[in-house]
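There are 2 protein chains.
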Amino acid sequence: MAEKYMSMENIKFLLYNVHNLESLFTHDRFKEYNRESIDMMMDAAKDYGDKELLPYLEEMDRQGCVYENGEVTIPPQIAKVFSYFGETGWINATESYDHGGMQLPHMVHHAGGFIYAAANNSAIGYSTLAGGAANLIVSFGSEEQFQKYVKKMWEGKWQGTMALTEPDAGSSLSDITTTAKRQEDGKFKITGQKIFISGGDYKEADNVIHLMLARIEGAPKGARGISLFIVPKRRIDEDGSLQANDVTTAGIFHKMGQRAYVTTHLIMGEKDDCIGHLVGSENLGLKYMFQMMNAARIEVGLTGAAIASAAYYASLEYAQERSQGRLPSSKDPIEPPTSILNHADVRRMLFFQKAIVEGSISLVLECSKLIDLIDVSDEKEKEDYQLLLEILTPIVKTYPSEMGIQSVSTGLQCLGGYGFCVDFPLEQFHRDIRITTLYEGTTGIQSLDLLGRKMMMQDGKAAKLLFGEISKTLNEAKEFEKSKRHAISLFNTLNDFQQVLNRLIGLAVKGQTNEFLADANLFMELSGIIVIGWQWIKQGIAAEKALKSGDGDAKYFESKIKTMDYYFAYELPKSKGLVTRLMDTEIITIKGDNEYLV
Amino acid sequence: MAEKYMSMENIKFLLYNVHNLESLFTHDRFKEYNRESIDMMMDAAKDYGDKELLPYLEEMDRQGCVYENGEVTIPPQIAKVFSYFGETGWINATESYDHGGMQLPHMVHHAGGFIYAAANNSAIGYSTLAGGAANLIVSFGSEEQFQKYVKKMWEGKWQGTMALTEPDAGSSLSDITTTAKRQEDGKFKITGQKIFISGGDYKEADNVIHLMLARIEGAPKGARGISLFIVPKRRIDEDGSLQANDVTTAGIFHKMGQRAYVTTHLIMGEKDDCIGHLVGSENLGLKYMFQMMNAARIEVGLTGAAIASAAYYASLEYAQERSQGRLPSSKDPIEPPTSILNHADVRRMLFFQKAIVEGSISLVLECSKLIDLIDVSDEKEKEDYQLLLEILTPIVKTYPSEMGIQSVSTGLQCLGGYGFCVDFPLEQFHRDIRITTLYEGTTGIQSLDLLGRKMMMQDGKAAKLLFGEISKTLNEAKEFEKSKRHAISLFNTLNDFQQVLNRLIGLAVKGQTNEFLADANLFMELSGIIVIGWQWIKQGIAAEKALKSGDGDAKYFESKIKTMDYYFAYELPKSKGLVTRLMDTEIITIKGDNEYLV
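One line per chain: the protein sequences are A and B, in this order.
Per our numbering, the very first residue in the first sequence carries number 1; after that it's consecutive.
Per our numbering, the very first residue in the second sequence carries number 1; after that it's consecutive.
In case anyone wonders, no lab produced these hints; they're calculated from the structure.
Since this is a predicted model, take the numbers as computed values, not measurements.
Each hint can be trusted.
Only pairs whose alpha carbons sit at most 30 Å apart, straight line, appear in this in silico DSS-like list of lysine-lysine:
id	chain 1	residue 1	chain 2	residue 2
1	A	K484	B	K574
2	B	K464	A	K574
3	A	K484	B	K591
4	A	K591	B	K4
5	A	K555	A	K545
6	A	K478	A	K12
7	B	K12	A	K591
8	B	K478	B	K555
9	A	K591	B	K555
10	B	K591	A	K574
11	B	K574	A	K482
Please model the entire structure based on the sequences and the hints provided.
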């Protein structure tokens, strides 16, 4: 087992040098915090990761989850971890003091979450889900619902879920058929099935609170007729005792990876006795759920970056310890073998991972900061931050997952045949990370969202804001020798990108919607390359500043500049092929009369 | 379980229309064959795949291999399959009649092997290894060795292996330390360890014949001091009885995929009683072994293409059956969901797979034909075919494996969350195919071989021959409307490629060997894109010819043209980023004084 799974130096560099976490402390909401207290939290997270998460990573994968006699057993460490996050106030750490939270900046919460996920990616989903589900009730539920459910979830006692997907409604949520029938007491009877529900059931949870989408009888078809319900596994009697609520676990899904993170198939209302409680107003369920989905999308990006981080350090450790072969320049067979860390191709594979991982975490923290700024800004600013967050959300979900998969596979490659064996963690990371481009909206869905909605909304206002932010960084880079040349490259790519966008918008304007969106996936890939390039220029500038100031470890800052150099030498050029295709008007993938796929 | 794992129409199109298998039948060696007999063999292979290979794919993965009390148990179907290949003469089918073979063209043998591997990639390695090991004895061993070992291996009774890798000598074979000590009777006593030995031991094999590299005491250091030995698990007494030969299986490797294909750790000579028999001359072992390694490299490419083929059809079948969402142009929620086969992004993912799979198989058959032509040509032609085969070997190993991994991952993506679940075969294919860029020389090793050796040998003669072959195809394309425009694109990319090669050769000439080879991996990627583009033009031309002749299924030929269109719209542009990087003189990955990888 590799010992290092993340770099604390990197997290602190990103929090303080790149994203200026300390600027948040000037706001009332965050005034209790300072660098010292945050450092302590980060160190505590790392300590917990070292002692209670990483050591169980492999064991939990081997144990997996078991469904027997209607009951679900998950690895025993999970309940312990969930309780810990509850007891230490981590689950609701970002909530306001008056809700019992710590008003912790999301930047810090995500940085901590990254550490936990890098140590053990299957263990942390339970608390993240509980937190997200609870927050949904906080945002849109009643005071009674808050009192009844939220506290237990925040305490790490009751599991929460997001119950959206159905057998015939996965990517297309508007097609859900789970039904809510209004009762005389204002409650609803729920009938239907949900699949792929993470954390949906396990013995150790006293209760599971499903935040579930369903259709109230007679509601309009499509997305406009979906409502949000609290559907507990066990309902709470007047006296506080728990009674079965006719939510049956029909089975669990057996997965290639994240095997300790249970995925369930639920059936509601087999005995016509499943009670659901409406959250907020009727037919606004999908809108509400987007709060949790958007948060979850950032979490998925974070998870992708975290698994890739653990894989990077495992492969780096192997490369440091393994000797094999000689440099091309010295083929003398008498000479002892060199460390594989000296081989250019191994170095390329390591720089690739480092560039992906650190670029991705930086983007996650960029988004986290936007959430924090939304929390503390006035209306006008808030809207801008909101738009920026919205346009970045599909990218922060997709880049760390798509490129994270490649990054982990590259990490595995560094180990040669050992990478394919269970004696090293790479094969598990390779299996674990593969889910990230699938859940919380596949890459295809994220790409449609980015191009079809986010780029277009408010006449492209979000896109303009994003370009403005990137330009601000490029301008700043003019003052920094090492970052400047890369800023020029990125500026040119951004121009190409705008040409692409103009061409595509032209199709949209002409009503050629299918053509407009046909290559949304490639558009996403291009956007990711640019946005991560932006994050690398930010890191380059911060490193140059730090070098000038003489404050901190110069070698570390130089490693940042070198990795930025790598990114612009090896990653940015990939934009060229994408731009070529995206400017090409030839239609290939839109279904015509003939079927060519045979 | 998906039912279709390969396309017979495609195999026949490639054999007859693209690679003109029938032209081989004019040669004496192959004169007994005709299209009818070959079709029958292909159909029989498919029938065996349907009935005896595919049905056990998942089961064999679940069973895996077990090491207990020094004994190795593999899934029971394996021995049956191995016997079948022996009894039907498949293992030595390409051997000459006087050796008991069938003088089957390698093209046909590989086409059949592709069918078997697509049906069950873990089941076929055993017989491929036995055949390859036997052929090594045929080529370089004595008549006595031939009589003693080869027949049993060809009959599917004795397993054969290639025993190269050691704990400290994987990619760097010249560092092996297994020792051979000459005895008075001319035999050798072997001591040492070998790891990652596929098919290295299992209970059902009466014997295992290791073709093993070792160093004779006092031999020169490095590659020039390696000899080849036959080291049987059980040695054959004068009376024909089998006695233990002090080859101990110390354990097996537990792998992420290909779990039915056992990988062993062997120890020779613990009791100083392991006898080895020298094959051919002393110190020429590595040279001999390259025969088996080169054959195995093509087999790995074939396996990558085969797994990707099975994944393609599994994802296509899913896409055909799954309805979800609506086209962007029709967001009416009342409208019933459409088949996901109609979504542009799903179609892109399917075309991507089809382009990779069919391009890869075509290249495998291109190489197979070269082997056949070598068998029937005079000296002058033989040398050219040999050089072409040598320069294509690292590419045919690498493209189908590297791109096959991406192709399978894309197939998995088509299934959404189900792709991650064991109920569908995609997750197994994703695990299985990951080994292909590792064994028989990693992609890094193949890339060094391609750029450092193959491009340079005989003053670039192999490269010139390859460019000549590609140019021949591009010229022919001038007569074909649909292929012509792509031929022009490929011509331009080939020019870029030559510029890149000139720049790199310049570095080599100046003795800047490390700089010359630093980006060999990207050079390989670029080479692969070009060579597969060439294969697609060949297929395009063949399809246009067939359409003109009116012979055959027009829809199928149109699907070929459409897939060629896809390749040139989406895959060829990837060359642009690679060319940009390869023309860039900035050094990033060559180790300098500082260590930036932290």
